[in-house]
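Asks: Based on the hints, put chains B and C in the right spot on chain A.
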Amino acid sequence: MAVSAGRAPDTAPARSRRPWARTDPVAVLAAARHIADELRDGLAGSGARAAARGVRRLLDVDCVGLADLSGRPVWAPAPPPGEGAEAANALVEQVLHSESKGGRPPLLALPLHVHHELAGVLVVFGNARRSAVREAAAWVVEALERGRLEASAEQAAQAELRALRAEISPHFVYNALTVISALVSSEPDRSRELMIDFADYIRYSLARHGEYTTVADEFHAIETYLALQRAVLGERLAVQVRVAPEVLAVAVPYLVLQPLVENAIRHGIEPRTGTGHVTVRGEAEGNDCVISVEDDGLGMDPALAEEILAGRGGSDSVGLANVDRRLRHVYGPWYGLVVETGPGEGTRVVVRIPRFQPGVMPG
Amino acid sequence: MNRHAAGPPGRDGREPGKPYRDPPTAPRRKRVVLADSRAPVTVLRTVVELEEQTSYGEALVTNFIRSQLKWSVLLGGIVLAYLAALPALFYFVPALTDVSVAGVPLPWLLVGVAPFPLLFGVAYWYNSKAERQEQAFVALVEK
Amino acid sequence: MEANILAVAGIALVAVATFYLGYRTSRSPSTTQDFLVARRTVRSRRNAAAVSGEYLSAASFIGVAGLVLKDGADALWYPVGFTVGYLALMLFVAAPLRRSGAYTLPDFCEARLGSRALRGLAAAFVVFIGILYVVPQLQAAGLSITKIVPGAPNWVGALLVTVVVIANVFGGGMRAVTVVQAFQYWLKLFAIAAPTFVLCVLFIGEGGRGSVTTGLTEPLPPTFAENTTLDVRTPVLLEVTEPVHLAANGVVDGDEVSGSVYWTPMSSPYEVDADTQLSFFAGSSVPVVAGAPPTNDLWLAPSGDGEDVFATYSLMLALFLGTMGLPHVLVRFYTNPDGRAARRTTLHVLLLLGVFYLFPILLGALSRLYVPELLVTGRTDAAVLELPSKLAPGILGPILAAVLTAGAFAAFLSTSSGLVVSVSGVLSTDVLRGRVRDFRFATAVAGGAPLALAIVLRPSDISLSVGMSFTLAASTFCPVLLLGVWWRKLTSVGAAAGMVVGGGLVLAALVLNAVSGFTGNWAPALLLQPALVTVPVAFLTVILVSRATQSKVPADVNQMRLRMHAPDGLGFIRDRAVARFGSAEERARLADGRHRK
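Chains as they are written, first to last, in UniProt numbering: chain A, 1 to 363; chain B, 1 to 143; chain C, 1 to 597.
For reference, chain A alone in the conformation it holds in the complex (with noise of 0.2 Å):
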């Protein structure tokens, strides 16, 4: 073959160029990071030929190429043309059909197999040792394995805060319901609202367009919430919701603050006697809104409060960690809920978001 161009044969000289042992370490480590940066998105993504390029700085040779199943490689740079350019397409299309290497130096090929199937074709063009290349060939599978596993962690990610939504407690609707079906024949005017209420409030839980709501949207979903909850509870639930109207328009993901509050009734009203209190206050805070759900019940242990948002706190608490996982989700991890609790002192619950936040928008 007419392709290496004036190079001379494996012979001592070319020893020397044997990549490892010349080069520094660092800047084979940063060109192996680079190249898994950029096939990220696979060989048919858009990093495809700078990650070609990084290979061919690695193992110092003149072309590189990778091909995807298309069997049409991306160069870097592109192979002299004419019958060099033709030797490479043919002998990838070969090793596309035998899934084997092929060619002999300086050409070579060799497949890449990701999770045991043929992904692509590597193809060198130069003065390589094979050990290298081939070396070169499985840091380029491992890197695309690790990018096909990130893409299936984001939608497994996207899969499970769909799974995350919170769902109408059924203890609720029994409640409801009873209390509703108590107050027909006596006060039918009132059952008539709150079975208004009720339906309201299902409709907002079920019927989902988007992602995100507006604070606007929740807060009134959570006032029809305790409504119905007033009706259960009479004289035992006082509440009070506060809202600033500079964050009414903040766009929030579904149902984040009536988990909240019904856990507030739940763990902090309904076990005590007495009158309890509940607090839902929405306040601007510098370019974040603040949120707050406060009760003045049993509060709990603060240890028993890190187990809950952790996820380790029994079933019948997931409402809180689910709320606190979603919220990361979108907003990053600084943005978790924070509960301030003692046993006995109340509880208060915090959720912290940003006015604005790339893509998060209700529709």
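Please keep in mind that the hints were generated in silico from the structure rather than gathered at the bench.
The structure displayed is predicted, hence computed values, not measured ones.
All clues stand as given, with none of them false.
With the Cβ distance kept under 8 Å, some of the chain C side facing chain A (calculated, not the full set):
1. D107
2. A111
3. V177
4. S424
5. G425
The beta-carbon is built from N, C-alpha and C at its ideal position, and this holds for glycine as well.
Replies: Structure of chains B and C alone, referenced to chain A:
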């Protein structure tokens, strides 16, 4: 407690003047956050899927945007033409400054008083125009 | 002149009321009904009052009258420009901007162009413009305090405003701010309208005071109504058009003088140094600071000087296009539920501003007759505060002065707190990296930096320095906003280049101005009011650089355009409450049902 908890101060100390929920023992509450912030959290910036209209009418939308812009430019142009003409007018026709209406010199009326009703009128016009155009567009799309 | 106790009480009252209202609305217990009521009543009108309340700053409340006193017809462009800015905002950006979901200007840059670097640049300009805008507010506060408590140093007022603003933010008073700012608008309107009515009635009752002073149409300088002694605190250059006898004690034209002097138009202008005392007799004509129209007929007519006409056009451009780029304006629009409401709010704002600005113009014209001595010292910004004691007899004078001072303080407070809150919001999100999120620290910085500048920098006319903030906003954010909303081909590189070029030119003009101020005022009008050059250059830069970097057009530009321009009803950003919660009537009825209980 990690720095997450360090949030804005005043969260842990309870503000004074809080109503009835202020038992004397309140400061004993402890604050809890999920300390394990190393837990893997991918930030999802899910761009809300725009509805079908995205593909439905690129041209339709461009048209609509253009007609909105046309009105903005037209109405803005009216106001700008009026205001921008004044200094030039006073510069080239200084005699105008000697005219006065009910004791107030004409320039003061033209610059200091007249623009305000003009602005409100134009804004009112634009507001109704823009809303009507939007309604027409909605009707067109939802037909 | 002794301290005006009433005015001090007025200021204290405004500060306490502001704080109390903010505290109450965000803290006090309330019933669930309040929420529903709030939800239904935060409508365009209250929002508009809040926008206007935050917008009417020192420049509007005392600066406009001061400039009218000094420059006459040419100063009328300030109130007009301050208002036209909102028309531009409404016509071109209000609704699309609201629909974009952005809360601050950096947010918009990121949402539209998806560039973190551009966001950082925008944040830097927001902080800079914000601080530049707060400084004159604080200086105005300093001036007001020296007027009501003679002998108080200038920094007292600045410190007072800073402390009240920061305390209010720390105390949580800015958490529910719409109500507070709406209240501030009505307070300011009352505080300027009521005294203006009374003063106008008194003026007409006096029969126009033609006997003592020069009529406003005569080709003569204004005259002193009574024997007047003035302390010149900062050096001034005075122009004399009629010969005048006076007693001077201090340094004039570099010479030590003590006793009677005679000034003639021949050797005008006179350079009067700081700490010189000048005594004029009743009926003698008033020397005027150089650069201002010296005689009343010139004052009454728009300037016929080519350079002034250029400056007028430049000013118009800056004010028309600057409003949309001010950091505290956009933030308040976020409270609107959707784009349509944003437009309606602006419509109301135009009405509210138009009503307000008639009064400072009237006050400025009146002060030409009654407090011409301010033309000598150059502190014309004090006109609004000094006028009542000259025109109103007996105790009425101090009362009116107290009302006006209280209103002026409301202006300093509301604008400063709006700006400090927006600047510290940007500081805490974009500048203090690493998610420290210490909003209080950011607030202290955002309040402290202007305080230091206000004390260090030489006070100039308030409206002029505010005008510079408008110029900067018009040369940096306006091109990005307008093109971002209407031009598909905008790229982040183009936007950044435009901001850097436009902002850089304005800053260069600022620096040259400052240098010229210390070395003999050689700066041409172009440098004093550079918008006519910087704004077109900024636009051109954005367009050219964007065209050269078309590969960087964000991938989601079509979606973004759709979101910004599609009517709210289509639901790209929409309060879907009606669809989800049943009809509006149903909801209203439900709410009424709760009220019955």
